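Following the hints, complete the assembly by docking chains S and G onto the known chain E.
Line by line, the protein sequences are chains E, S and G.
First residue of the first sequence: 87, per my numbering; consecutive thereafter.
First residue of the second sequence: 353, per my numbering; consecutive thereafter.
First residue of the third sequence: 1203, per my numbering; consecutive thereafter.
Keep in mind the hints are simulated off the structure, nothing from the lab.
Model, not experiment: these values are computed from the prediction.
Check the hints yourself; a few may be wrong.
[What the hints assert, rightly or not] Pulled a few chain G residues facing chain E out of the computed Cβ check, cut under 7 Å:
| hint | residue |
| --- | --- |
| 1 | GLY1232 |
| 2 | ASN1254 |
| 3 | PRO1286 |
| 4 | VAL1564 |
| 5 | SER1567 |
| 6 | PRO1568 |
| 7 | ILE1569 |
Note that the Cβ used here is the ideal one computed from N, Cα and C, for glycine as well.
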Amino acid sequence: MSISREDIGKVAVLARIRVDEEQVSALEKDLGNILDLVDQLGAADTDSVEPMAHPLNAVQKLRSDEVTETNERERFQAIAPATENGLYLVPRVIE
Amino acid sequence: MHNKSVAELARDLDSGQVSSVELTRAFLDRIKQEDGKYNSFITVTDEQALADAKAADEQRAAGKATPWTGVPFAHKDIFCTDGVRTTCGSKMLENFVPPYDATVTANFCQAGAVCLGKTNMDEFAMGSSNENSYFGAVTNPWGLASGNKRVPGGSSGGSAAAVAGRLVPAATATDTGGSIRQPAALCGVTGLKPTYGRVSRYGMIAFASSLDQGGTIARTAEDNALMLNVMAGYDRKDSTSIDREVPDYTATLNEPLKGLKIGLPKEYFSDQLSPAMEEQVRNAVKEYEKLGATVKEVSLPNAKLAIAAYYVIAPAEASANLSRFDGVRYGYRCDDPKDLMDLYTRSRAEGFGNEVKRRILVGTYALSAGYFDAYYLKAQKVRRLIQQDFINAFKDVDVLMSPTTPSPAFIQGEKTSDPVTMYLEDVFTIAINLAGIPAMSVPAGFVDGLPVGLQIIGDYFSEARLLNAAHQFQQVTDFHQREPQ
Amino acid sequence: MQWDIVIGLEIHVQLATKTKIFSGSSTAYGAEPNTQANAVDLAMPGTLPVPNEQAFRYAVMFGLAVNAEIERRSVFERKNYFYPDLPKGYQTTQLERPIVGPGYVDIDLSNGESKRVRIHHAHLEEDAGKSLHEDFHGMTGVDLNRAGTPLIEVVTEPDMTNADEAVAFAKKLHSIVTSLGICDGDMSQGSMRFDVNISLKPKGEDELGTRTETKNLNSFRFMEQAIAHEVERQMDILEDGGSIVQETRLYNGDRDESRSMRTKEEANDYRYFPCPDLLPVEIDDSFIDEARNSLPELPDARKARFMEQYGLNDYDANLLASDSKLAAFFEAAAERGKDAKLASNWVQGEFSARLNAEEKSVAESPISGEQLGDLVVRIADNTISSAGAKKVFEALWTGENDNVDAIIDSQGLKQVSDTGALEAMVDEVLADMPDQVAQYQNEEDPKKRKKMLGGFMGPLMKASKGQGNPKLFNEILVKKLGG
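For reference, chain E alone in the conformation it holds in the complex:
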């Protein structure tokens, strides 16, 4: 199955990855090839097959409701691109 240039544009916006016009042709070819590979799945008979999300048939363990974390803001914000007054800064968000 091929992927259209329009779809590439949509997916790039959803994935928040800027794709310049000159990259679209290469992506069209590469993604098209990958999707061709993936299309082999269509051949499998999976009518009565349960989807498998995890390799192991295990059940979630739950944690007790106890505070285990302390304030480490300084350590975490030391590696942040932009902070002020303890807040992470991003370009103004218009709600």
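Frame of chain E, contents of chains S and G only:
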């Protein structure tokens, strides 16, 4: 000294023949001298290593040594190391210094091992040749004499090359579709991908969460066992790790193989495999027969769909896992974003390499409205069929054996033009990740002077048996001891 | 044209756990920005979620309280979208197998009838952080303390037909979750937030119209206003022959305006898929039984008990039973005061009025139910008049003194109930007012006579310095004036 195994070095340390500081210095010197050829390290942590070595010597003097105290090794740069840059092979994390340790990292620290640095890898573990690293391709120590630079495989190419090049005796690695076994095979070393959930994923930067598994690369099976002893176990920080007793994996290495039932999946001895490769693998199987094993052909009828299923599931999970790299809290942020959209799209476009972007886009597409059922759900169903094939096979046999890769190490740049050609490198390894079972690659011969890997696949939690089978093979062969020229 | 209004609600209820749903960070409100955001909450590379058992217990308690089925094997999905307050770039939530299945809640309508509102499901999910839009050099600041706070999102069927019903449901839900103790119910801190789905259809028509979703209403009043506003907006459009666009809207309560939240980028495509970092959560019988055994009395049961035990009428019982703290306060006052009716009147009257005036919650009340009960005792035994009682209440409230009898003594509020003394005062006053006495005695109309009786009370209270028992004065007056 650099040819010695972890087990041997531990004995030398124990007998006082050498100190950890001496050992560490020697390996650090060797990295300095040799790694220019391989580029197997992204970061070398000299100072920290020497400090840790000193502490290890003191521990040993105080009589508190573990089998790892003072032994040098390296971490794949996917495991977060508190205070040490962790890049995952990406520009996105070029300057990322995590304020926390991965559980695997913490376990090795606890055991007193001395980490010499962080090994190179394909960006976010996406690749089979280590050509997708922001920090440059890794060169396979094998085949250099011929004048061609060959790939070490990927994504754990740095770990495999470092071990093959005798820069460290052992290195951690991860395997999502073959990323331990394929580079181990191409570099002529021994690698183990454990059962999904055997080793904690906490602090191991995620590519595809339901497939990723931390594991081991060393030259001998015994060293892999020593590593797994440190790495395996339930971790309350990883909900998908399994709460199940961890055996001493070295305890059963010497069990005889008499009566071991080996299955050869006929789909893995297909025309994708060159006759020369096949010959090496069949010779290896013959060695097992000499050790008392029996061999029969088995079938994994859905194995041919593994690559297709994988290239839906892995990119889909990756597309979400990599959303956190948004230039807000850590990592690369583009210059002068004009608005929020610009911050996101440019930081991610500039911070991620092409293969990572391709996979994010494919994964996003596969999950998007209208395609979810045809791609994602279908792939999950095929995944169960693949798992069922293995379950059926293990009703009849103890282990499966196959080639690890269809061909030996190829020349850099040979397969970079089409991503799909590269994907086919993992044709024999990928189904194992989908099923979540353990598998090893063991050096089993040479073709044109390049190493060939034998893949040994086991049932869930059969790591001890795989290590035993590999170890016994290594008692009667010396492929794993050969040194690249 | 006549229209039917169709309303469904989605309610985010913050669970009162000590820690976040997937990490051990504190959820306490009001901390300095990002001091309660650890590696997991910040979505640092390689970190993984570990679910909080208490969040599941609370969700199960909620499910039991709304008569719902509990999903024995619930699953988490990732909902993918980018926003600065969502560190992972996806919200971990439940789509296919939510923890709480279909259930219902009965609400009381103002006309005295009861109505059943069906709950479609309720799922567990994580809250997002907060974006602060104050000016940081033209930037937005992000605080992730709230990120990862456990929520249940309760989704109703579109069973409500006007704002009153919607508000009644919202209040009932508030009453249930606070009674359960699974949510602090503090709407000003965002502990409960409402999204309202509204559509109109021609009266009697079966097919539903296109709906809009008005998001993030954080008070009952705003919810009522937003519904009125949106119904009017849709009606205007439809009556002009236009059509409704399915969209999310934001309502500004201060200006009574709303606007579309659609951005130019794209229609959202959340790409839900099962979260591979989490396994299915199995809820077994013993977990459910434990949760059931820990259920406190719920508002409906409490209301029935108040009617039975204290003889309250439906209206009073409903009002007092709906808020667990108010109910507890009332019960303390009624038990101590030995007069439930009087206690009910005081709790709903003076006490509630005072809380409202000072914007205080029951928990913040300076006086206890027991103190109010002591006051009730003194009203019931005629020690003080109602005017005196208000003075005592005031003294209790301001903390001037915490003992009712001490206040009565120190302020001299004790009523004179000595009949002899009162009779002497009546005689004196009547002697001073012969004209009025004559007028009274000549009046035939009992109503007018009753009114004229009041004319003597002023002077009598003055004569007794406000301490005469008005009831006794009245009786004596009637007797002396000859009926």
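Results of checking the hints against the structure:
1. GLY1232: violated, 14 Å
2. ASN1254: holds, 5 Å
3. PRO1286: At about 5 Å, which falls below the 7 Å cut-off, the nearest Cβ of chain E leaves the hint on G:PRO1286 intact, so it holds.
4. VAL1564: violated, 26 Å
5. SER1567: violated, 29 Å
6. PRO1568: violated, 31 Å
7. ILE1569: Nearest chain E Cβ about 33 Å off; hint violated.
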